[in-house]
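> So you can see what is in the structure, the chains are spelled out below.
Number of protein chains: 2
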Amino acid sequence: MSDQIALDLEEAQELGLKVLRANGFNEAHARSIMDVIYRCQLDDCHSHGLYRLLICVNTVRAGLVDGNESVEISEPSPASIRVDAKNGYSLLAFETGLPHLIEKTKKNGVGLMAINNCFHFSALWPEVEKLSEAGLAAMAMVPSHAWVAPSGGTKGSLGTNPLAFSWPRGEKNPYTFDFATSAIARGEIELAKRAGHPLPEGAAIDEHGKPTIDPNEALKGAMLTFGGYKGSALSTMIELMAGPMIGDLTSLASLEKDGNQGGTPLHGEVIIAFDPKLLGGTDTATNTRLAEALFASISEQGARLPSQRRYAARARNLEAGTVTIPKQLHEDILVLL
Amino acid sequence: MSDQIALDLEEAQELGLKVLRANGFNEAHARSIMDVIYRCQLDDCHSHGLYRLLICVNTVRAGLVDGNESVEISEPSPASIRVDAKNGYSLLAFETGLPHLIEKTKKNGVGLMAINNCFHFSALWPEVEKLSEAGLAAMAMVPSHAWVAPSGGTKGSLGTNPLAFSWPRGEKNPYTFDFATSAIARGEIELAKRAGHPLPEGAAIDEHGKPTIDPNEALKGAMLTFGGYKGSALSTMIELMAGPMIGDLTSLASLEKDGNQGGTPLHGEVIIAFDPKLLGGTDTATNTRLAEALFASISEQGARLPSQRRYAARARNLEAGTVTIPKQLHEDILVLL
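If you're matching them up, the sequences are chains A and B in order.
Per the numbering used here, the first sequence starts with residue 470, numbered consecutively.
Per the numbering used here, the second sequence starts with residue 470, numbered consecutively.
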């Protein structure tokens with residue numbers, strides 16, 4: 470007997486909305502959160518799918534996030550928009566700012582959205598993909614908590630600081646990536662600890678700054694960035710751009726504010742969008758041809774473009790009309806109603 | 470007896486200008502090229518310093534670049550500027566566009582400069598540093614030739630694709646990095662080949678896609694990106710943003726246009742600038758404090774911020790009032806007069 474259950478796509482969305490509504494989220498927050506949770510589940514990104522309902526509800530029940538907080542929009546400059554999430558989840562702020570960011574980018578060629586004072590738990594790819602659905606290229610960055618040591622260092626100064634990028638491909642799925650600038654995700658250390666597995670080499674150091682593959686030692690020490698000093702420099706750029714540049718916290722300041730508890734980080738997010746139609750000159754056909762030739766050159770030699778596993782899962786689940794989750798998770802979610 | 474010679478700072482600049490003027494560069498091109506060559510030499514970046522005079526002159530003498538070509542400015546959108554280098558060196562295009570980019574960024578919060586149809590030989594850090602001297606943060610990206618295999622691949626699809634970033638720090642030197650997204654520079658393979666040295670592990674593959682440390686095999690095969698699939702994704706982003714997004718070539722198209730000769734690549738460059746004063750809200754003091762606390766956290770644990778070696782060389786050379794180059798190089802340059 471399978472321990473999995475298949476939920477109709479609409480049923481999965483309705484279930485999530487009901488759970489969020491029943492647990493202190495107003496309609497606007499519930500819809501923006503469920504939209505991203507659903508997109509993740511549809512792509513079989515289980516760690517950011519329906520499972521997140523449990524975390525959202527627990528966080529609101531613990532009084533750490535207000536599910537009724539409204540957001541406030543302002544306009545720092547002609548090509549930028551600021552959305553103050555007022556210590557709520559980031560997703561309503563993103564959804565509220567999105568049409569303004571698209572409009573500003575299509576007018577100015579480049580546009581920037583700063584989200585401030587948000588709790589952030591979601592993947593960045595659904596956000597940059599939404600911009601590509603509007604025909605734009607986009608980058609997104611967030612800091613987190615300062616658990617990651619800089620290259621050559623021995624203790625945390627940087628967050629896991631993901632960078633996401635998306636490029637529109639017309640009717641095709643966009644070219645999209647979303648990766649942490651840490652060598653591994655924070656959650657992977659927790660998982661390895663619970664499973665009693667070692668970490669991969671080069672991912673963490675102990676409290677004395679020595680390389681370690683022991684998850685317990687890593688939790689007392691620090692994580693490392695991917696790609697040595699280059700990954701470390703990139704992560705520092707993300708701290709600056711998604712932090713002080715938009716009037717928000719670095720991962721160091723965010724961890725300090727949290728009293729080193731390691732709760733969901735409260736900070737900012739920056740999204741930068743570009744309109745290839747405005748910036749690319751008149752020969753759009755050549756631009757498209759060159760970009761597609763690059764993608765073909767990568768795929769045809771057997772190297773995979775990022776996100777292909779997600780897109781395959783999406784096609785499969787849309788075809789089936791269902792998403793599949795563990796029965797136990799389904800039961801845990803039903804309890805929240 | 471030393472094989473080095475110290476040149477007064479003014480003398481070095483005048484020498485370079487004379488050489489360029491005497492070899493077909495008009496005053497505007499000569500000044501924009503020499504400005505960057507001088508900045509590199511002042512920071513002891515010898516590979517991009519006075520040595521480059523030899524390459525510039527040889528390239529013009531061979532008729533590959535026109536040192537008299539003027540540049541053409543246009544305005545694709547309110548927050549962007551385009552400079553067509555008309556198959557000349559990129560540096561005059563950059564200098565010509567710079568005041569417009571600064572003005573647009575200080576008005577719009579974010580600004581973008583596309584340079585098209587340029588030959589590119591210079592480091593990117595002098596460019597982003599100039600934006601930080603104007604109080605702005607900036608990123609710059611260029612493609613090159615498709616010598617770099619994507620992660621999981623066996624042949625070149627990507628350029629060495631450097632990414633540079635700079636963050637203004639008031640009176641202090643900016644936080645600046647400039648790194649290739651390839652694991653090593655193309656020139657390092659040539660140097661290893663001439664010296665008969667092996668390459669570092671993980672930097673290249675042979676023509677069959679197998680890892681190699683033999684520079685000869687690497688030249689027949691392909692280079693690898695830094696940081697595995699993440700570096701590969703980042704490099705692809707640079708292809709798209711500094712290529713088709715601004716109506717210019719990818720590294721694949723640039724190599725094809727060059728007939729696989731491996732000459733100086735002809736392509737585009739994109740520079741994106743941000744005004745932290747406009748984007749950062751009212752509490753500038755806190756923004757500065759948080760950024761500086763991050764830099765302090767990195768340096769105080771013995772990890773080095775990028776560019777510190779350059780800045781130390783700059784201080785030393787400014788104090789001495791000289792730059793030091795090999796006597797042989799000085800003689801080779803004098804011959805060009």
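By construction, these hints were calculated from the structure, which means they are not laboratory data.
Be aware that a few hints might be false.
Copies of one chain are not kept apart here, so a pair can be met inside one copy or by any two copies together.
[Said to hold, decoys possible] Straight-line distance between alpha carbons at most 20 Å, and here's what the computed EDC-like set of lysine to aspartate or glutamate pairs gives: (1) 689 / 602; (2) 575 / 535; (3) 555 / 752; (4) 662 / 538; (5) 624 / 800; (6) 576 / 725; (7) 575 / 544; (8) 796 / 659; (9) 576 / 769; (10) 641 / 788; (11) 576 / 544; (12) 641 / 541; (13) 624 / 769; (14) 746 / 725; (15) 624 / 761; (16) 487 / 657; (17) 689 / 513; (18) 679 / 800.
None of these values were measured; they are calculated from a predicted model.
> All hints are to be evaluated individually against the structure, with a verdict given for each.
Verification of the supplied hints:
1. 689 / 602: Neither. Shortest intra-copy (42 Å) and inter-copy (40 Å) distances fail the 20 Å Cα cut-off.
2. 575 / 535: neither (33 Å within a copy, 36 Å between copies)
3. 555 / 752: Result: close only across copies, 17 Å inter versus 44 Å intra.
4. 662 / 538: Neither way: residue 662 and residue 538 sit 36 Å apart in one copy and 63 Å across, limit 20 Å.
5. 624 / 800: For residue 624 and residue 800, the Cα distance exceeds 20 Å both inside one copy (41 Å) and across copies (49 Å).
6. 576 / 725: neither (39 Å within a copy, 34 Å between copies)
7. 575 / 544: Result: close both inside a copy and across copies, 16 Å intra and 14 Å inter.
8. 796 / 659: neither (23 Å within a copy, 59 Å between copies)
9. 576 / 769: Neither, since 37 Å and 44 Å both go past 20 Å.
10. 641 / 788: within (17 Å within a copy, 58 Å between copies)
11. 576 / 544: Result: close both inside a copy and across copies, 15 Å intra and 12 Å inter.
12. 641 / 541: Cα proximity of residue 641 and residue 541: none, with 35 Å in one copy and 35 Å across.
13. 624 / 769: between (42 Å within a copy, 10 Å between copies)
14. 746 / 725: neither (43 Å within a copy, 25 Å between copies)
15. 624 / 761: Between copies, since 17 Å is at most 20 Å while 42 Å is not.
16. 487 / 657: Neither, since 30 Å and 60 Å both go past 20 Å.
17. 689 / 513: neither (32 Å within a copy, 40 Å between copies)
18. 679 / 800: neither (43 Å within a copy, 49 Å between copies)
In summary, the structure is inconsistent with hints 1, 2, 4, 5, 6, 8, 9, 12, 14, 16, 17, 18 from the numbered list given earlier, while agreeing with the others.
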